[in-house]
Amino acid sequence: MEDMRLKGAIEALIFASELPLKLEKITELLAGDFAGEFDGHLDKKEVKTLIENIREEYEDEGRGISLLEIAGGYQFRTKTCHASLLQKLRAKRPPKFGRAAMEALAIIAYRQPVTRAEIEDLRGVDSGGVVRSLLEKRLVKILGKKEVPGRPMIYGTSRFFLEHFGLRDLSQLPSLKEFVELDENEEGMISPLNEELPYDAIEG
Amino acid sequence: MEDMRLKGAIEALIFASELPLKLEKITELLAGDFAGEFDGHLDKKEVKTLIENIREEYEDEGRGISLLEIAGGYQFRTKTCHASLLQKLRAKRPPKFGRAAMEALAIIAYRQPVTRAEIEDLRGVDSGGVVRSLLEKRLVKILGKKEVPGRPMIYGTSRFFLEHFGLRDLSQLPSLKEFVELDENEEGMISPLNEELPYDAIEG
Amino acid sequence: MNYQVVLDSFEGPLDLLLHLIKKHELDIMDIPVALITDQYLKHIDIMKTLNLDVAGEYILMAATLMHIKSKMLLPPSEEEETEEDGGDPREELVKRLLEYKKYKEASEELLSMDMLDRENFLKGFVEDVEIEDSEEDASHDVTLFDLMEALSDLLKEAKAFNPHEVNREKISVKDKIEIIIQKLSAEGSLTFRSLFDKASSKNDIIATFLALLELMKMKRVRAFQGETFGVIRISSSEKSLGTVH
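Sequence lines, in order, name chains C, D and S. Residue 184 in our numbering sits at position 184 of the first sequence, with consecutive numbering throughout. Residue 94 in our numbering sits at position 94 of the second sequence, with consecutive numbering throughout. Residue 1 in our numbering sits at position 1 of the third sequence, with consecutive numbering throughout.
Please keep in mind that the hints were generated in silico from the structure rather than gathered at the bench. Backbone N, C-alpha and C define an ideal beta-carbon position, used for all residues, glycine too. Among the hints, a few may not be true.
[To be verified] Distance ranges between label pairs, derived from CB positions:
| no. | chain 1 | residue 1 | chain 2 | residue 2 | range |
| --- | --- | --- | --- | --- | --- |
| 1 | C | 90 | S | 59 | 44 to 54 Å |
| 2 | C | 142 | S | 28 | 41 to 51 Å |
| 3 | C | 142 | S | 183 | 39 to 49 Å |
[To be verified] Here are the simulated DSS-like pairs of lysine-lysine, each with C-alpha atoms no more than 27 Å apart in a straight line:
| no. | chain 1 | residue 1 | chain 2 | residue 2 |
| --- | --- | --- | --- | --- |
| 4 | S | 42 | S | 95 |
| 5 | C | 88 | D | 146 |
| 6 | C | 146 | S | 102 |
| 7 | S | 42 | C | 177 |
[To be verified] With the Cβ distance kept under 10 Å, some of the chain S side facing chain D (calculated, not the full set):
| no. | residue |
| --- | --- |
| 8 | 123 |
| 9 | 124 |
| 10 | 145 |
| 11 | 147 |
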């Protein structure tokens, strides 16, 4: 069965990759390796279908791993239901975020590209320290400088941010809850952000 | 199904473990996590049966990974048949040792504990350089000093040696001739481990 | 020399206002400015008493609140012409608070998402076995505001107090740091109150409090509470590493 070998190859590739593996990369690697068999014509759609098959198989209750779409690629991760067990296995403790850092991170995530001054306006407090610590944790990166007097840095979230929070892309961020004055108990939803961010273009 | 959840938990543990995970350790972790359900009486045999189930499932042709018994524990590794594909994925190829180093490694593996003088006697050439490089690659470790005049170092293979060559224990070593040839078609196994990292620190 | 504690990553004035609104169960759309200004200034006073580095932002907000309060006292007819359609003087502040609240809540939501190495784990690879001096559990760390309120309760119970007579040179914060460490190493974790000896003077209370802040800043101790506005407990960061909830 050709499909079976292909499927196995896809699983092995995603498993062995250190970073989430993109569909294009998987297709390219497979087309090279199975060259004789496809005349170099391996369709991305075909590969995608096989990936979906694999993903479904891992959904089974008896499986402890799932195949996720993270930062535009595919990656195996353990299922959330086994978190406490795995925390016992791992010596390292999960990274901890202070509240101030998380506030700044949320503002950067939803309002990017954003300057430090804009973050400070929103938080009402100096945010140089927390922005620096987010940069150190690689959750945030400098996108460039704003073409205004003083040329301040502009910040955005990194690819690692997506990986850390298990997001396929920024559109998967939870919606911001907008306070609506008229309906007392109802909170309006606002689309998280303009999804046209040149995310990958910026990604170095 | 309790068994299903347990099976998933086992899969997640082996997947996430940094080193091959021993049956005892798996049982201990599970007994702790599923405490309420087993009254702390989780049988090693039961766990072993589930591991065997998982192993069989991965044998399927459509799977690219297999569950192996390595260095006395369990670990997932990509199947040998996908080796050439995976090497293309990896920017860093697995270390090539060269014939001299493989000879020295074979001598150490089969004759351990062994001194450098004994290696040099057998090979007929100075072997200080290759032994040092094997130590640096953590395939070989110092076992101690020999109680003879000059107190020379004695060497043996490391746990990482077993992992790198996918051996459960030293009794699985192939014949000497086969072993030296392993390096030539070393595509064999792609270890899921990042081989740059300090093993021995963890090995204790 | 005065003992100066700078807490750089603590919340700002907007957070303090939200804290007060929540605590007093106020309607954010109809804030009683007199009450909130009063409460806000009390907090600033405590911070000053503690010789905390009260950031300029806090002072600016205090001025803003007092400005709004004074405007609220004016009859609407005497409102200046420049104020378009005699709008609610609180409007600007409420807008800022709502905007800030939106992101604060978003940050809480982010924190509750599945995170790598917390809920989901990657294929194992060897990493440095180092235990970070941090942890996350069901309880949450208290804010500076919570601590200040607890302090203010303690001070109320102690004898009459004049901040200008506080002589910090006499009671060494360094000594208090030693005492707290000793208590914690004997007990593991303590309630906030049990850090303070009964019938201690106000100077003493303040010195202990400053010592606690200093230890928190050095990340040697952690203050947390099981629920919002619950009992504050202090534990040693070094000791609590093993526990996972």
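| Holds or violated: residue 88 of chain C with residue 146 of chain D, Cα cutoff 27 Å? | violated (40 Å)
| query | Are residue 124 of chain S and chain D close enough, Cβ to Cβ, to be under 10 Å, as the hint says? | reply | Hint holds; residue 124 of chain S Cβ to chain D Cβ min 4 Å, cut 10 Å.
| said: Within 44 to 54 Å: is that where the Cβ-Cβ distance between residue 90 of chain C and residue 59 of chain S falls? | reply: holds (46 Å)
| Hey, does the residue 123 of chain S contact hint survive, CB to chain D under 10 Å? | holds (6 Å)
| residue 142 of chain C and residue 28 of chain S, beta-carbon distance inside 41 to 51 Å? | violated (35 Å)
| field | Holds or violated: residue 146 of chain C to residue 102 of chain S, with C-alpha atoms at most 27 Å apart | value | Since the Cα atoms of residue 146 of chain C and residue 102 of chain S sit roughly 25 Å apart, the hinted pair holds (cutoff 27 Å).
| Hint check, residue 145 of chain S versus chain D [nearest Cβ-Cβ separation less than 10 Å] | Nearest chain D Cβ about 38 Å off; hint violated.
| task | Using the beta carbons of residue 142 of chain C and residue 183 of chain S, state whether their distance is inside 39 to 49 Å or not. | result | holds (45 Å)
| field | Restraint status (C-alpha distance of residue 42 of chain S to residue 95 of chain S at most 27 Å) | value | holds (24 Å)
| message | Please verify whether residue 42 of chain S and residue 177 of chain C have alpha carbons no more than 27 Å apart. | response | violated (31 Å)
| Restraint check, 10 Å cut-off on beta carbons, for residue 147 of chain S near chain D | violated (36 Å)
The earlier numbered hints that this structure contradicts are 2, 5, 7, 10, 11.
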